[in-house]
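Those protein sequence lines, which keep their order, are chains A and R.
Note that this note's numbering has the first sequence beginning at 1, numbered continuously upward.
Note that this note's numbering has the second sequence beginning at 429, numbered continuously upward.
Think of the hints as simulated: they come from the structure by calculation, not from any bench.
The model shown is predicted, which means the values in this text are computed figures rather than measured ones.
All residues carry an ideal CB built from backbone N, CA and C; glycine is no exception.
One thing to keep in mind: the hints can contain errors.
[As the list claims (entries may be wrong)] From the structure, some residues in chain A lie toward chain R, with a derived Cβ separation under 7 Å:
(1) D88
(2) L392
(3) T414
(4) F424
(5) I427
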Amino acid sequence: MKRTCPTRPELSSRQFKSLLAAAALLLIFPGSLLAQQTFVQTDTITSADTLGVQYTPAPPQNVVAMDTPNDGGGSIIITWGPSPDDFDGGKVKLYRILRAEYNGGQPGEFTEVGDVPSGKAEYENEDGNTTDDIMYLYRVMAVNRMTNEAGEIEEYTSESPATDPVTSSAQWFDSRRINALVGVILLCSFIIYFIQQARAGKELYIRKIAGMEAVDEAVGRATEMGRSIYYVSGLGDMDNMQTIASMTILGRVAELAAQYETHLAVPVCRSLVMVTGREVVKEAYSKVGRPDAFKPDQVHYLTDDQFGYAAAVDGMFVREKPATIFYMGQFFAESLILAETGNSIGAIQIAGTAMPAQLPFFVAACDYTLIGEELFAASAYLSREPKLLGSLKGQDIGKGLILIALIVGMLLETFGIWQFSNLFSVID
Amino acid sequence: MEAFFEHFRLWLAAFLTLGIFSFLYKDNPWYKLTEAIFVGISAGYWFVVLFWDNFHGKFWVGAGEYSINWVVAKLTGAQAPPPPDSSIDFMLWVGAFLGLLMLLRLVPKIGWISRWPLAFIVGSTGGLWLINYFASNVMVQAQATMVPLFSSAFGTGFDQNADAVIGALIIFLGTFSGLVYFFFSKAHTGVFGGTARVGVFFLMITFGASFGYTVMSRMSLLIGRIDYLLGDWLGMIK
């Protein structure tokens, strides 16, 4: 098949100079420019070459289209055997991928969906432009480009037969991540085992966590001073593990506050956190026999906006001057704004977050800081529930195995054995 | 008129910015006014954003409008809408149903039902993140720590320079001792406690570096506001 591309216009003097400059640049920086775009070089048709058939490349062979495995759908892979004319200096300049929908046993019109340079034999429409459950047919076209004497670019093409109908689909299971599954199953096994042990009455040891040791003292201080306690749960919503851990700690703090009859205020910036926080505080007050002392407005919503929330909480701090402030959860740039204001009013402050960038600010401005995983361990530490204690112990066993793996892995790598560390590779 | 509003906008923004800055001196009525405006407007803004992005943008466009039209057509005998295409996702009704359950909090007698969607969110969050955190925070970090000490790549022999060897050792020691610090079911005494202390040193050095880095980035925020006040508002910076 022969196609003619738009005619190249004649060059003005200025354009000719620009072209010369571009050519010089190409000579100087060929690598960087080639990395940015794919060039298709064209050969020149000589006056003696009048029959296009000698420029037409042979079509690619054995074209196969299949659903991309281990993906979320919307993608099909097309592979083919290269055209016999696909070699350095051969007729194939690129492969063009054509696609048609296949409805009711009838193929639709084939349209171009992409192309790949010669030398390649695979195309994957990673842009997700197929619709799952719709059947498609594919053809691969070998394309040769030539420039004739008039300066026009002509294309000589040949197409493969259409593939069998194929449809894209999502997979439930990504077989490339089986190592992560094995690791999670192993970790969960340890956790379940130790939960059973804890439920059976086995004493499980937890080391002291300084920040949590100070909770009673901090609540007691607020009681003695006759001031309130503030609990700030950060910017995370209920789909964040730090906020979930924070709600567990809130339960313990609310119990103490109810016992000591000290006012507890929980300003939040997410509606779902407000709902959950109210449930947690209400339950805590009921647990210690003070359901009447619970007021829903103790847990109140301010705004979803990060700095609007920080401004409002800061205002409350300086006006009410709480004796104790807890910061537990996910924090961002507002961490120091809050902690510094709390520090300026002389409150005892206990913070906990797993945000590495905010931990330094809490360490600097608060009396106690739960670092990273200590936030998650704190709930087990405070409640002493068998389920949480067993979970903590099971995680420690998992950490022990990782420590052993680190030593073994580093030694093996040093001696050139890399298969072990590859067990930990994660494919996205 | 346009010029007036442009000036008004500049002066209002400067007034509110200075109102927030006035908190550095002490709490005052100007700050209280600015705070109330900030909180009120941002709460309203986020309500509108969440309504249009989630309720309208996802649910209504994705399933709600089609479903309502279909039901209305069935009830009134009008022409039913064409069969749903791939843009219609009836699974969105599950989310809408859970959202409706949340609203039952407004009915005190059956308000307890609103705990179900909360349980669903918390449970699904735990399950969803378990595998992701394990992969990204455990496996990837462990593999990145297992580096050859004396060679830059497999099969290259002892070609690593001293700096790189020290770097690899620091990465290993920092990860190892840091992990030991986060052991909760063993007392931090003896060699174990000593290793945990090394881990704390590594953590604190990291925090110090992070502190400095973050302070510098916050300075750029301050510079942005000063630039607005002195440049856009007062015109002192051209």
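Status of the hint placing A/L392 at chain R (closest C-beta pair under 7 Å): holds (5 Å)
Hint validity - A/D88 Cβ closer than 7 Å to any chain R Cβ: Hint violated; A/D88 Cβ to chain R Cβ min 30 Å, cut 7 Å.
Hint check, A/T414 versus chain R [nearest Cβ-Cβ separation less than 7 Å]: holds (5 Å)
Residue hint A/F424, partner chain R, criterion CB-CB below 7 Å: holds (4 Å)
Chain R contact restraint on A/I427 - CB to CB distance below 7 Å: It is violated, given that the least Cβ distance between A/I427 and chain R is near 9 Å, above 7 Å.
Against the hints set out earlier in the document, violations occur for numbers 1, 5.
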